[in-house]
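Q: What follows is the residue order along each chain.
Number of protein chains: 2
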Amino acid sequence: MGRPQIYLFGDSITEISFDVGGWGASLANHFSRTADVVLRGYSGYNTRWALKVLDRIFPVSRGGDGGTETAPIALTIFFGANDASLPNRCSAFQHVPLDEYKENIRSTVSFFKKRWLTTKVILITPPPIDEDARVRYPFGNNPEGLPERTNEAAGEYAKACIAVATECHIPFIDLWTKMQQTPDWKKDYLSDGLHLTKEGNQLVFEEVIKKLRDEGLSLESIPIDLPHVSDIDPNDPLKAFL
Amino acid sequence: MGRPQIYLFGDSITEISFDVGGWGASLANHFSRTADVVLRGYSGYNTRWALKVLDRIFPVSRGGDGGTETAPIALTIFFGANDASLPNRCSAFQHVPLDEYKENIRSTVSFFKKRWLTTKVILITPPPIDEDARVRYPFGNNPEGLPERTNEAAGEYAKACIAVATECHIPFIDLWTKMQQTPDWKKDYLSDGLHLTKEGNQLVFEEVIKKLRDEGLSLESIPIDLPHVSDIDPNDPLKAFL
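Same order as they appear, the protein sequences are chains P and U. Just so you know, we're using the working numbering here: the first sequence kicks off at 3 and counts up by one. Just so you know, we're using the working numbering here: the second sequence kicks off at 3 and counts up by one.
These are computed hints drawn from the structure, not numbers from a lab. A portion of the hints provided could be inaccurate.
As the list makes no split between identical chains, a pair holds if one copy fits it or if it spans any two.
[Said to hold, decoys possible] Lysine-lysine pairs mimicking DSSO-like chemistry, simulated, CA-CA at most 30 Å apart: (1) Lys-213 x Lys-188; (2) Lys-180 x Lys-122; (3) Lys-54 x Lys-241; (4) Lys-200 x Lys-188.
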C-alpha cells in the first residue's frame, strides 16, 4: 500500500497552484508525510472539454495486488471560471452555457462517485471576477476593451456549482461568496481579476483543509508515513523501524 | 498509463521542499502538465534508517495491466546532512560513520537501479554548513553551545556521495561545492546554517532541472498531458480531444 492520494482537478487556478505560495503546494507541504497531492490542472479548460477527457486524465490503475484500484482519499473539482466566459466576448470559445455547465459538473461528480465509492469529492466554485482588472490584463487580443468575464456571470456558475453539490450531497467551497466578504477582495485575492494572489491562494488552501477536516481527513486522522523523528528513541533509533 | 513520476527521496531538506519557494514545489510547478513530483522526505533521517525502510517507502505497485510496475522517470537521493552530525555532539544519535554512509548510499542506489532499469537516479550531496548559525538555531537542547555539524564533516560526506555516484556512473549534484562558490553562501543559501533559504531552494531547483535535462528529461522531451490551450482551435475546440 502506498500513501493515500489527494487529487486536484481543475483549470488554470489548479494548474498553477504549485507556483510560489500556491494552494496546491501548500496542501502538499501540509500533508508532506501523510498524503500525496496529485496535480491535474488544465489551463483554459472548461467542463465540456474536461468531460471529454476524464477517462484519459484518470486511467484505471490497479493496486499492489494487481486487482482492485486504490481510490484517492479526496479530490477537488474546480471548474467554472472558463465556462463563465461571456459568449460574445474575446474568450467566447471557452464559454459553456450555464445549463450545460451544471450538467457537466453533475456528470463529472458522478464519474468519480461511481468509480471511487470512498473518495471525498469537494466542489469549488469559480472565484469572483474583477472586471476592471480583466481589461487591464487581457489573456490575448481584446480589441473591444471589454471584460471577457463578469462577476455576475461567475456568480451564476458558482450558484449552479453549489446546486449540484447540494443535490449530490457533497461538500463545496463557495469561493465566489467567501472572497467577496473581504472589502478589498479584488486587490487582496486576485492578481489579474481572475487568478489568485498569495492571499487568495492561502484562502483556498485554508478552505480545502477545513473541508477535508470536516470529512474526517486531517493530520490527526491520516497516519504518518514512518515514525516522526521526535518519536525515535535517541538511545535505540532502529527500534522505531522494527 | 498515468503520468510519468519523479520521486524526491531524502531528509528534511526534501520533506520541507514544498514549503513556499521550495525546490520540490518548483519542480512540481515546472512539470505541472508533464510529470508528477512525488515527495518522500523524512526529516531527521539518515541513510541507516532510510535503508531499513526502503521497501516500505517504495512498495511494489503494478501498472494498469495488473502486471509490470511502471518505473519513475527520475529519482533524487538527497541524504548525508544527518549522517554527518558529529558523533560526540548533541545530534549524535543521527550520526552514521563515513564508511557506512558510503556503503548505505551505494546500497540505496543499487536498490533503485535493480528495481527500475530506466529510472534516472540523481545523487545530491549534503549542503555546506554554517557552524555559527547552527549554534544560534539549535534543533533541541545544546547545552555545550557547540555546533552539532561542521562544514568540514559535511564536505567529507559530500565527497563520499560523489565517489559513489562516479563509481555507479550516475549523475550527481555537488551542492556542498556549488553553494560555496558564492561568497555570501551562508546568508544567501542557508536559513539556519543547514536548511535552505528561498535562494538556496532556487539553486537546488535549477541544478535538478539541469541534471534532468542532461539525462534527456525536460519539458521538450516529456509529452504534455492533453493539448495546451494555445493548441486548441478556437473555431472547433473539441477537435483537439478526438
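Q: Would you mind marking each hint as holding or not holding in the structure?
A: Verification of the hints:
1. Lys-213 x Lys-188: within (24 Å within a copy, 41 Å between copies)
2. Lys-180 x Lys-122: Classified as within: same-chain Cα gap 21 Å, cross-chain 45 Å, threshold 30 Å.
3. Lys-54 x Lys-241: This pair counts as between: shortest inter-copy Cα distance 11 Å, intra-copy 51 Å.
4. Lys-200 x Lys-188: both (13 Å within a copy, 28 Å between copies)
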